[in-house]
Structures are given as C-alpha cells and as structure tokens.
Amino acid sequence: MSGTEGTKGAHELVPISPGSPSAAGPQHATPLLDVRNLMVRFGRGMPVVNDISFTIAPGETFGLVGESGSGKSVTSRALLGLTGSNAHVAATRLTLAAAAADGVLDLRQLSARAWRGVRGARVGYVPQAALVGLDPLRPVGREIGDALRLHTKLSPVERRAEVSELLAAAGVPEPELRAVQRPYELSGGLRQRVLIAAAIALRPSLLIADEPTTALDASVQAGILNLLERLRQNGTAILLISHDLSVVSRLASRVAVMQHGAIVETGPTARVLDAPQHPYTRQLVAAVPTNRPRGTSLAPQSIAAAPAESPTPAPSPSPSPATAAAPGESAADAELSGPTPAEPPSPAATAAPGESAGPAEAVAPAASPTPAAAGSAAGAGSAAGAAVVLRAHGLSRWFGDRAAVDDVSFTLERGRTLGLVGESGSGKTTVARLVLALTAPDKGDVELLGQPWSALPERERRPNRRRIGAIYQDALSSFDPRLTVGQILSDAASGGRSSRTDVSALLHQVGLSADVAAQRPRFLSGGQQQRVAIARALAPRPDVLICDEPVSSLDVSVQARILDLLDALQRELGVAYLFITHDLGVARHMSDDLLVMRAGRIVESGPTESVFADPREPYTRELLAAAPQLSRLAEPARSR
Amino acid sequence: MTVVISLAVLVFLVVAAVWPDLIAPGDPLAIHPLDAFQPPSAQHLFGTDESGRDIFTRVIHGTRASLLIGVTATAIGIGLGLIFGLLAGLGPRWLDFGTTRLLEVMFAFPGLLLALLFIVIYGPGIVTSTIAVGLSTAPGYARLIRSQTLQVRDAPYLEAALVLGRGSVFRLTRHLLPNVAGTLFVIATLGVGQSIVWASALSYLGLGAVPPSPEWGAMLSAGRTYITSFWWMTFFPGLFIVLSAAAATLLGRGLQQRKRSS
Amino acid sequence: MGSAGSGKSGTVSGSGGNVNTVSYVSDALDVHEHPQTWLARNAPLLRWLALRLLGVVFVLWAVSTITFFAIRLIPGDPAEAILGGPGSQASADSLAAARAEYGLDQPIGIQYLSFLGRLAVGNLGQSYALHQSVASVIGENLISTLTLALAALILAVVIALGLAAWSTRGGRAAAAIGSTLEVVGAAVPHFWLAILAILLFSTTLGWLPPVSVAGPAGLVLPALVLAIPLAGFLGQVMREGLLDALSSPYALSARARGESESGVFWRHALKAAAIPAIGLTGWAFGSLISGAVVVETIFARPGLGRSLLAAVQGRDVPLVVGIVIVVALVYMLVTTATDLAERIIDPRVGRRPDARGSAPRRNTRRARTHAHKDASRSRTHTEIEP
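Protein chains in written order, with the working numbering: chain H, 1 to 640; chain R, 641 to 902; chain A, 903 to 1288.
The shape of chain H in the complex, shown without the other chains (with noise of 0.2 Å):
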C-alpha cells in the first residue's frame, strides 16, 4: 500500500456491522476465552475486580466498558497474568481455546514460562498509552522484531522482512523507513498502529486492545476502529476496552458494561444500547451528549423539567444547580458535597444590573427542547440584536513561518454559546490565548464589551480582566497546590477580601459543600477540581467565559454534570460562553453556533445545527463521519 492512495479517502468509514455473521455471540460451541467468577485483589485490599465472568468467541469482537476505576484494565492484565506479585487472582474458569485440538490451556495454572509463551503468541495486547507504549531510546521495527525474535527462530534478516509486512498490513506507510524511526518521530496514530503490528506479529487468536484510540484525533481514532475491524474479519478475536461506548458501539457485537469492579450488564451492542436494563447503562447511555439536543439534561435528574427561571435581579428560590448536578455525581464527589439546601439564593441571581440586559434569549433554549426550536431561538435572539460581549477581528498569528491562527473573526453575544471545533493542531487554544490576551494577535485584534482588548497594553487590561474568565481541561494544574480551595476562591472573589459565606456561596452555586473549601484541590476527583474551577472563573462575575476542552479528561458521566452545571449557570448569569472543543457530540450539544477550524483557519460556521444537517465544507463532512457515535447504531435501520 503507497502513501499517495486517495488522499481523499484518509477519513472514510468503512461500514461495519456489528451483528455479522462472523460474530455468532455467546451460544458459540468452544468459547474462545472463557472467565468465570474473576477476582483480583492487591495486597489485603478489596477486590479491584468482583467475581466477572464472560466468554469471547473465536473471531468475534467484545467490548469492555466502564469509567475510570471500573476495573476493566486491570481485567485485561489479570488475562495476560501481568497483575503483578502482590495482586490475587481467582477464576472458577480461565480457559483459552488452544490452536490445535488439544482442548483448552487453563490460564490459571500457568508457569510464569508458559506465560511468556502465551503473551505475544496467543493473545496479543494493544496498551492503552499509545503515546508511551514503545520504548522511546529504540527503532520501532525493532519493538515489533522483538516479538519475532521472541517466538520464532526467524534470523534477523527474515524478522526485517517480515517487520515491514506487519507494519504495511497494519497500515504504516513506507513501512521500511518507519521501522528504523523512534516513536517521537511517529504521529500518535502511527504509534498505535505500531503497536497493533507488534501485537498481531504471531497471529494472535485473540487481541485485548485496551483503549486503543483514546487521546487520539477523531479521524485517526476512526483509522483505528477501521483496522481493527479488519483484524477481525480475518478472524482475530478482540476484547476491546474502552471508557467510550461510541468507540465500542462501533466494533463491538457483545459487550459488558463494568461499574466498581464487577459486570452489570452484558448483552449483545444494539440491545444494551437501545434498551439499557441496568440504572447504571442507561446513565451513562443518557450521558452521551451526541444528538442531545442544546439545553436537555444529560444526567439522570433533568434540569430541563424544571421550571425555567430568567435571572432577575430579585432574589428568587431558583433551582440552584447545585440540585441538579449534587445528586450521584462519582461516588467521592457525593461524599463530600453531600446534601445542599435549595433555598439559599444563589449570589449570582442576584447579580449585578448590568447582567439582565439580555435574559430573553438565555431562557428560550431551556423551554425549548426540541433542536429545531432551540434553532429558532437563538436564531430571534440575535435578530433582536443582542448585546456583543466579544468580537474577534482578523486574528493571525504565526509561530515561525506557520500560521498558527489565520484570518480567524467571529462575535459572541450576551448569554449565547459559540462552539469551537477542530482537531488536534487546529489553533483552537492559540484562538482561546488570543482571546484571553495571553498572546498578541499579529494581525486583527479582539473586542471585549465594544471595547479594544488585544490592542490595549496589560496594565490598561488589567482592570477589565475580570469581565472575562477562562476554564481549561487540566483544572488541577491552574489552582496553586499550596492553597486550599477556599483560599483560590477567595483569592477570585474581589481580590482575597471576600469572607467565607462568599466562598461558601460560590460553591453551592457549582454543586459543592461548604467544607470543600478547607480542601487542597488535588484530593478532590477531576469533576470536583473543574467545579472549583467554574466557581473560580465566575467569582468576578465574568461577561465572557473561555472553557477550553473543560471536560475532555473526564468520564463520561461526570462530563455530562459539567455540561449541566454549565448550561445552568449560563441560564441563570446570563453569560457567554466560546466553547473550545474536540467533541463534535460536546460542540452540538453546548453551542448555539458553531465554528470549525483547520489549519488555523475557520472552514465553517453558522448556527450548529444548520452547520450539522448540512455540512457545507468537504472538511465538515469529514469531521462529522469520523467522529464515532451512538445513535448511528441506536438508529432502527440498523437493526436487522
């Protein structure tokens, strides 16, 4: 295979059918893989994983998913016996099915040298990092011939041969020169394609690939799905793992969903997915924001049935957020945010005047479920001529000779939400910088509240920097870790003068307890750290709010708390939001307009879903396809 064939085929999808024939499902004569009653626990602890059981049949592909903690990685490495010294496996049943008809090799009674002969051989094993899976001081190829060299008796010429036959089938371009290459030359996708080579080197019946595709670009992540899908039709059976259940909905015929350690729910894709039994499937079912409409709720106690309240000046007993998003968010954040009274007015609802200029259209999308409605909402909105809080004007900047961000304009207005989509190197957080002044622009310049922004020098700035805030994905790494969260959010709020009930009050309005102020953020969980970070960003009471991917490092379910916590509050303080994202599932759900950017420059824009129903640029299209989603198997058509 060449480098040159169709370029314009880099981001297709192949059609794949989870329910093919190949895949016959667990009435399957031998099972391939065989667990019952799994258990793994470290030292004295408690089990990691709890009494799983679930069988792979040969050829067939299984998906594994679960949030982070769910002991699905640790279920992959007990099946290659990696759990490590101090870990206690116990199955009543671990079988593989062995190649030749000899019955089946018990996984339990292993010697740790048939194990190595087991590894690499039998089960291949796709890891989770594809960024730090290969070692970084050695060529690639050899990482691959390692596992030649360790099963076969090939001489080091015939492994080089046949180093590049993997890596071409694994679909490497120019497989003879990636082979002396060392990983930090390679793209991400061509590392975990790398990986995969490694792993199917001895045509491993099964394949464990655990999150193969996660921290990758949506087109190389579909790139991915593609060739393992291969994989599986020429008969390779694959457990795949994964926290995604987009990206397992795409392969998948089976699949397992884990919670705490054990299996709560098991059956064929379509049917967990379409009718999920278990509470637990269908909140993290319902958390998928992809074809959520703008303004629902995506987890389980819906905001939207609530009755909308406009921020008026009065102090009013508004449905706090805290109420909506307080209730089973991951079990350490209800432990510590506990119980939160309703009726303590939120501050911000009793905001400053100046913020219920335009409450009208902050109210339409949320009595509006439908997307169609919310479209024209949003489409009266700025026909009545709304207040723009932020205007961005020719914007370029250029790293070297690469224009980082090219010709880039748009306006944001009062309480309305502006999506930003683009993949990986897009100049989507160059755009975000610009905004927040954080880099000179070397062209255009940006607007805040009609006055210059960009333009002015930071000590004229300064003053003004607290009508607009900014969120970022790592929320832990921008609080200072010697301070307590009452001291960051004190700190915020009108310049470390402000007392505790402000503090106390600012975190009830993002869903949290008062005794998470005496907190250091790095004890809390990733959702508790981004809602300190929102309450810290909205202390100055900001017009404008920058969230840069603020829920890409988080589980699905927590995600989706986030996502309501935000369209609350924007619902209730009336304020703007640019809201940079990879997710177009994320973008669709939070924005009332959207941009899509590449190579630095807007490709599309217009309201989000004119730009969804009818993609005008080839690059959308592309986009959209790649981009893996659950409703395409959710859809009646497919079931046959």
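Just so you know, these hints were derived from the structure itself, not from any lab.
Keep in mind that the hints are not guaranteed to be accurate.
So the derived label-pair ranges between C-beta atoms look like this [to be verified]:
(1) A262/H with I1056/A: 52 to 60 Å
(2) R1250/A with R741/R: 21 to 29 Å
(3) A1202/A with E690/R: 19 to 27 Å
(4) V180/H with Y1014/A: 32 to 40 Å
Away from chain R, derived, C-beta distances all over 10 Å, residues of chain H [stated by the list, open to error]:
(5) M39
(6) F54
(7) V104
(8) E165
(9) E176
(10) G267
(11) R271
(12) D274
(13) P463
(14) P540
(15) R598
(16) P607
(17) F612
(18) A613
For every residue, glycine included, the Cβ atom is placed at its ideal position computed from N, Cα and C.
Starting from the known structure of chain H, fit chains R and A onto it as the hints suggest.
Same frame as chain H, now just chains R and A:
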C-alpha cells in the same frame, strides 16, 4: 521509617550541639597525658587521643562546630543561589543569559576547586573554609532555583492568576515565591549533609579548623599520624560525619518523596 | 454490510466503503520529513557541537581571567612568595629581581595580556616553589590523576549498576538495603573511607600496600575509595531510572509481547537508566578530581590533586592557576563528550518541541493519569521500599 530514624539521629545531634554537657559532661580540651592512647572502654567510650583527651567528649562537643559549619555553608550557598537563580529566572532575557553564562563559568571549577582557589586567596581557617564550601556549592543551587523558578513562572496557575486580573506583585508574592521556597527546604536538608562532608575534608587537609579544636575533620586530621596503631582516633569522628550526612540526606529524600506523593 | 445509518449525523456512505481501504494518510501527514544524507541528518547535532566548543573556549577564557584577577586579591607581595614567603626576609634587590623575572613590575593590563598570550601557546608560567615550568609539573601528574579518575569512574558505574539492578529486582528487603547503602555510600567522606580501607586491607589483611606504589596494585585502594561515594550517587539516580523504566507503559507492552523480566531489564530498562547516569558523568568527573586531592594525599600518590594541595598550602600561585585552568578544560571536554553521548543515545534531548511534532494536547491528562495508574500499580509489583 527511614525518616523517623534519621530524624532521631538529627535530634540527637542537635541536642549534642546545643547542650553538649547533657551527653558528655567534661572538658573536651582537658589533657591527661597518663591516659594517652587508651582504646575504647567503659570509661572512655571512644578511647583517648595522644594527649589523653576523651574522644567521646570531644566528638560530642565537636558537633556544634561541625553542624554550624555545615549549616552556615549551606545557607551561604543557598543565599547566593537564590540571588542568582531568581535574577536569572525572573529577570529580563539578557539578565538570564548573563547569569547563565556566569554559572557555566562557575561550574567549570568542579567540586572543591573553587573552595581551594578561595582558600589560596584568603588563607586557611574555619571561616574561610566555611565560606569556601558555601561558594562552591552556590552554582548548583543557583541552577536548581533557576529551573524551579522558570517552572513555576510558566505554571498554568500563574497564567490563571493573570487571567483573573492579578498584578505582577500579587502573582510574585502569592504564588511564585512561596512555591519556589517550598522546595528550598528539601534542597537545604540534602545540602547540609554534603557541606559537612566537604568542610570536614578541608579541615582534614589542614585548610579549615585546626587541632586541638574538637571539630570532626580536625580530629581526623590529628589522628592521621596514628592510623595504623590507634584506629579509634580517626574512626569515631569519621563515623559521626557519616551519621550526620546520611541522616540529613535520608531526611531530605524522605521529605522529597512525601512532597511528590502528596 | 449495508450502509450503516445515514441522515443528518452525516455518515459518508457508499463512497468507497471497502473494508480493506486503510486510512492512514492523515497520520502520515504529521510525520517529519527525513533527509537521507548523514551530514544533513546530523546537521543540528553538528551545529550544536560547534556552538558548544565555542562555549568551551569562552568559559576557558573567563576562568583564566577570573583566576588571574582573583589572585591579585592575595594580600602581600607576590615577589616575597616567590622567594619563600614573608618569613624569608629577602633583600630588596632580590625582590626586585624576582619581580622583573616574573613580569610583576609591569602594569596590570600588560601583565594580563601577556598572561593570555602565554596561555594561548600553552605556557602556564613558572612554579614559585618547584622552580620548574607549570606545564611540565602538570604534564608529569596529569596522566596519573586521569588514570585514577577513570578507574574510579568505571568501578563506580559497575558498583552502582550492580547495586541498582540487584535492589530493583530482589524484592522488598533488597530494595531497602540497596537504597540505604546508596545514601550511606554517598555520605561517606573520602578520607575516612581511605583510613578504613588502609586499616582493613593493609594493616589487618596485608593484601594491598597502604601507600600507592607504581602499577595496578597501587591503584586498587585509591580507586575503590574514590569510587564508593560516587557509586552511592550514581546508584540513587540509576535506581530511579530503572524503577521508572520497569514500571513504564513500554515495559508493560514488552511483557505483554512475551518478554521475560531479564529481557525487559537488559533491552529496555538499562538504557533508560543509563541516560541520567551519563548526564551525571561530567559532574562525577569533577567530584573525582576534588576527591583526588584527598585520596592522593592520603595514599601519597603523585598526581594533580596532591600537587594542587601542596600549591595551595604553599601559595604557589602560578601552579594553582595552571592546575585550575587545566582541570577546568578537561572537565568541560568531559561534559561536552557526555552531552554528546546523551544526544546520540536519546535524540529527543535538546530538541525543541515544535508545535507540529508535539503530542496532541487534549486528553493528555487522561493518558497521564492512566499512565500514572500503570506506574503505581507496577511499582507495587517491583516492590520498592515502603
């Protein structure tokens, strides 16, 4: 565990330095020519030297001088390192460039070389050797503090403070300096051990404290002549050097790990 | 397989839905172009090396200048020092003669320029005490000290590596013993170690001479004494490197490929642990030279260290300056060589992460937390100290 043991050793050494008479009542300089060269016994725990002075008493009473030299030298080193490191880390680009080049030049005098050069100029003695050790450790501290400063300066939380509209004075005093200082304690603990070893080496070479002062290095130097016949004269002062240096290092590493894991 | 879904979600269906169409073009676009000639490929490295050597010249000039002016701070008349110090009671005539001989009657600027001029041709002046050219004194002693330092360095690396390897793979007790030995080793002063070594190997056992004699037997004790503290330092660094590598995701992929523990160690971990150790070699060489001052004195072994100490004690300024300059030069050359080695082993060192080649920023936290989880889990596997 190791932290507890090293803390206990350090507490003992500090007590010995502050109230030596609590542990070893007696005059470290008292001469008893008849008791010369006694091997270790119940009466003379560490034996006696060529003038019949009790080595245990001398070692305990020498703790103050030795620790003081180590701590002072470290303080000098870190003080200079702080000045250069902060100048380089916070100053304009040209200042960083200049300071970094200066540090490169200082680094070209490896180890004790800078100390020896300093002693050539100002002559041997306890004060010059202390300053000399501090001076020769300064470039290392400066480099560490510079990289620490740069790391904190570019940390996302400093940018977050800027976005919140904080002025540079607030960012410096509230975030940057406290975070740089937080690491200094660990660095200092690790450094004291090495300073003690270096200073005693200078004393041993006759360039620092001089006999009959009960400084550990000087005692070792005095015992040099009698190595083969009266081993205890050199063994015990040396043991205390190792003990204090190892305890300081272990404590520093323990603190470092605790910081990293928390 | 039919077209799986259609409509507003925007699935591209029908256009080349061939399963075997592998889409990698987007990956390939990210990759750096690779020039093929050796010179072109190594151009950044060569440029770095050229700059680095220029830097060495600059630092050497600065070192010489600083030492030249620093010794002017010495109180007293240098001519007296030449004639045997203040106690020598030399006559005014002989003082004047000495001044003229050493050029001390010239203005300071002239003296500095002629000093630099002489330095440029390798003339380091005359030793006051030895009445011999400094260059020849150094020439006589340099080889001896370098031999000692090199022997100690090799010994230290072997000891450190052995200890680190044993303590990272030998279970909980080995880890505790190993790390304690490293810390204690690093805290032991050379002179005390030398005394113990002489007591043990010479006085008690009688195996080796207490005073350094010519030949390999005379090298053993001094090299060992120099090596042990250094091995303690290197061992600490190597151990961290080994632990990191053994618990890294790439070690996990290697194990999952069927690699044995010793395979992981030799093929992956060793190289990773060597890099920080190589980085420390320059510093180690410096500490060996200062150690040599002590060790050469105790073992009465001729060398630069002992000459330096004698010169310091006798305030033999030209000799001190000469030795300092030569040691600085050797030190910088060693550091340059180790930096070069580091860059060849790990080409990422010193490479500016350009925006193009950098890893995608999003989701890095997830990747990192997962990697961290991996690390902590495997750490329990490799059993580090509690």
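Hey, is E165/H genuinely clear of chain R, shortest beta carbon separation above 10 Å? 45 Å, holds
Beyond 10 Å from every chain R Cβ: check whether that's true for R271/H. 44 Å, holds
Claimed clearance of chain R by E176/H, with the beta carbon kept past 10 Å: 40 Å, holds
Any Cβ of chain R at or closer than 10 Å to M39/H, or is the non-interface label fine? 28 Å, holds
Are all beta-carbon distances from F612/H to chain R longer than 10 Å? At roughly 31 Å from the nearest Cβ of chain R, F612/H sits farther out than 10 Å, so the non-interface label holds.
Would V104/H pass as off the interface with chain R, using Cβ distances and a cut of 10 Å? V104/H clear of chain R: closest Cβ-Cβ about 43 Å, beyond 10 Å.
D274/H clear of chain R by more than 10 Å, beta carbon to beta carbon? D274/H is indeed farther than 10 Å from all Cβ atoms of chain R, at 42 Å.
Between the beta carbons of V180/H and Y1014/A, is the distance compatible with 32 to 40 Å? 53 Å, violated
Consistency of beta-carbon spacing, E690/R to A1202/A, with hint 19 to 27 Å: The hint (19 to 27 Å, Cβ to Cβ) holds, given that A1202/A and E690/R are roughly 22 Å apart.
For P607/H, is the shortest CB-to-CB distance to chain R above 10 Å, so the non-interface label stands? Non-interface label on P607/H holds, nearest chain R Cβ at 29 Å vs cutoff 10 Å.
G267/H and chain R, when compared Cβ to Cβ, separated by more than 10 Å: Given that every Cβ of chain R is farther than 10 Å from that of G267/H, nearest at about 41 Å, it holds.
Beyond 10 Å from every chain R Cβ: check whether that's true for R598/H. 26 Å, holds
Taken one by one, the earlier hints fail for this structure at numbers 4, 13 and 14, listed in ascending order.
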